Amino acid sequence: MPDPQTDTHPVPAPPLGFTHEQIEALYFNAAREGQDDLLAQFLDAGADPNRIDGKGYTPLILASYNGHAAATELLLARGGDPKLRDGKGNTALSGVAFKGDIPIARLLLEAGAAIDAPNHVGRTPLMFAVMFGREAMVNFLLGQGADPTIHDGEGTTAIILAERQGSVTLAQRMSTRR
1 MPDPQTDTHP VPAPPLGFTH EQIEALYFNA AREGQDDLLA QFLDAGADPN RIDGKGYTPL
61 ILASYNGHAA ATELLLARGG DPKLRDGKGN TALSGVAFKG DIPIARLLLE AGAAIDAPNH
121 VGRTPLMFAV MFGREAMVNF LLGQGADPTI HDGEGTTAII LAERQGSVTL AQRMSTRR
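Its first residue numbered 1, the sequence shown is counted upward by one per residue in the UniProt record's numbering.
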């Protein structure tokens, strides 16, 4: 439970008949499911846009990963931080790169997401896009300045990942963008 003396977004008292845990679950579900009206009500009532749930996710990570552009925009407008990471060190952009959602990736980058932010094993959003065959996302991230030569914890780059997956053309394209 947050400390009201140090937390800039103290948890409001829950309505009669609800626990803080139930309210928090509803808040995170609203983000996950893209329920913009409900999400706005939670934020209007003082919910922290950067609160982290028990699995290490923020509302922004959940909304963006699940493809909810309006919820993503709302959370960013209300102070959601695109640089925050989940329990594995992944940012919202990492999940969006995995999914291949370019419009949401653009929103996150415009809000200050770090394009080459590595997770705990050194994997960048570009690496996720390569690993999951999101060629349009790879091209988008490269166009936004993603570095295909960054090494993960195993010494692998996005170029090497593309080569291992048989995407020779993609690997060559990344090599020429160095």
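Rather than coming from a laboratory, the hints here were simulated on the basis of the structure.
Remember, predicted model here, so these are calculated numbers, not experimental data.
Treat the hints with care, since some could be wrong.
Said to hold, decoys possible - Between beta-carbon pairs, the in silico distance windows are:
(1) T169 with A45: 47 to 55 Å
(2) V168 with Q41: 45 to 53 Å
(3) K55 with R164: 47 to 55 Å
(4) Q41 with T176: 24 to 32 Å
(5) Q41 with Q144: 32 to 40 Å
(6) G112 with N29: 38 to 46 Å
(7) N29 with G89: 20 to 28 Å
(8) Q41 with G155: 13 to 21 Å
Said to hold, decoys possible - BS3-like, lysine-lysine: derived pairs with alpha carbons at most 25 Å apart:
(9) K55 with K99
(10) K99 with K83
(11) K55 with K88
(12) K88 with K99
(13) K83 with K55
In this text, a Cβ means the ideal position worked out from N, Cα and C, and glycines have one as well.
Hint check, failures only = 3, 4, 6 and 8
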